[in-house]
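Visitor: So the protein sequences, as listed, match chains A and B.
Letter by letter, the first sequence follows residues 349 to 722 in my numbering.
Letter by letter, the second sequence follows residues -8 to 216 in my numbering.
Think of the hints as simulated: they come from the structure by calculation, not from any bench.
The beta-carbon is built from N, C-alpha and C at its ideal position, and this holds for glycine as well.
You may find that some hints are simply not true.
Computed cross-link-like contacts, DSS-like style, restricted to lysine-lysine with a CA-CA straight-line distance of at most 27 Å [claimed, not checked]: (1) Lys615(A) / Lys155(B); (2) Lys509(A) / Lys615(A); (3) Lys497(A) / Lys509(A); (4) Lys507(A) / Lys630(A); (5) Lys497(A) / Lys155(B); (6) Lys615(A) / Lys630(A).
Here are some, though not all, of the chain B residues that point toward chain A, as calculated from beta-carbon distances under 10 Å [what the hints assert, rightly or not]: (7) Arg13; (8) Thr160; (9) Val164; (10) Val170; (11) Asn197.
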Amino acid sequence: MLTTLATLVAVSLAFQSSEGQGQGQGRGQGVGDTTFAVQSGARLDVNNFGGEIVVHAWNQNNVRVRSSHSSRSRVDVSASGTTVLVRTEGRRGPPSIVDLDITVPAWMGMTLNGTYTDISVDGAGGSVTAESVQGDIEVTGGTGNISLKSVEGGVTLSKTKGRIDVNSVQGDITITDATGGGDITVESVDGDIVLMRIDAANVDVNTVDGDVTYEGTIKNGGSYRLATHDGDVTLVVPPAACLSGSVSTFDGDYDASFAVDTVRAGKHRFTLSVGRCSSPAKIEVETFDGDIQLRRPGEVELETPEHSEHNKWKNKNDHEEDNDFNFDFHFNYDGAKYAAYTSAAESAAKYARKYARIYSREWNLERRTRCDSC
Amino acid sequence: MNDIWINRLSEYLDGELDNEERAALEAHLATCGQCYATLGELSQVVTRAKALQNTEPATDLWPDIRARLMPARDTRIAPAPARSRRFAFTIPQLLAACLALVMLSGGVVWMALGGGARRAPFDNSANEPTPPPEFRTVSNERWKVQSDMAIADLQDALTLNEGKLDTATVRIVRQNLAVIDRAISQAQRALKRDPGNTYLNLHLANTMRQKIDLLRRANALAGES
């Protein structure tokens, strides 16, 4: 413990002293890059006001923290117990944009918080708690408890084995390859929810304005609730599934592509059962204004909007690479330029947006302070 | 608060009211926002409780329990035969039962896994059984809150506090409150035409719960600012 603490104090000092000395940084820019050892069981706790938190995993018992920010901000790395704390602070007033790139041991659990912050985690092997007010959250991996929350921003979770709790007020939620069998709770107000290749016995999905899609196991004795107010619901039912429950749509159609024992249980509600077994899965599928579809695997083209756009561009390039050399070269050259322009434009827009929010906030605070002192 | 109907919501959810009682309760639901919110939360509790697995204890506890109950008598009492779980309780009983179920199942699993011995000292969230959302709801005693008053109070608080949030966040919160209000309005209109519709009643209850959740979250964000 003392060793860890002493190391981190030293790290903190070293980290701060390195600010402003990075290569390729303009005047007024700060960078930090430091690596230190952590003991098994340590946890990462990050709080960043604005910018990015990017976390990677590696097979070392070391944590590497790299940062990029203006000279008005600083990054502090410290310890509380064996929790590694990473905090961003403004030298005068609130911090501005700070981009954090952190590499941690694969086993390390983490808590990541941001206000105007995009959060990305790749290869996590421990529990992950991530929360942002305005920003996207993208997590690959994770075991134990996975809790991801955003007010304005999409949430993407993949290749995870934990108990999942995802919440976004405004933004799409996509969960793929959740194979740990943990319970899944997903809720949004305004956004589509897509769950693909899921292995879970208890699933509760709820949105007010958006479509809901579930594709995965339906386990005997399990519970699956998919609900939306304004949107379609698609449930992909494996051929061997045994289930009973109900579907309800106030203003929409219900349709199954395979044989389902269906009984009308009300003006807008059907009870149904598929297969015979002693302990069928319980399903509840509901939409106020939308259609309900029960489909078999392969009958629904499942893709996430964000990834499908990305893949479309990528596949197009892959296809073009099959052409002759000259054309390919010419295309790639233009493509690279286009990609660079696109990237710059996207980055500019992103940072302009975030800076605008932060400076607006700072200005309001300052104005309030001035008024208070009047 | 109408205690008569509040205490019978679990029976309503279990389909155990007769037609007359059911009609009367649904008529009451059409006018009682608090009852909607309570119904929505109860529905979640019941769904969650039904999903809990029956878990055998690590050891046979019955002899010890029997000895404590009747120390002076040697009467052989067989454990009651297993019956299917039913959920026809009053609300306090239901919530207490759910709490016990969660603690018991979580505790047994925790013991079975030897969590106390193997738990990483600083990664509590990874190994400890985390209470499900309903448990947190119960612990906050949200079921006691009258939803209409709660919504009004939370909206008043947000009006006072939203100056602490930046304008973009306020805009997002307002937009999404409007989305929920539109959904509530549509559900209420539908219920006027079909007041006995179980789905609509539960849907409205659930949507009102989401509004309360969003208001609480927005106020919490303002509090953190």
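Visitor: Going through the numbered hints above, which ones does this structure break? Give me the numbers in ascending order.
Guide: 1, 2 and 7
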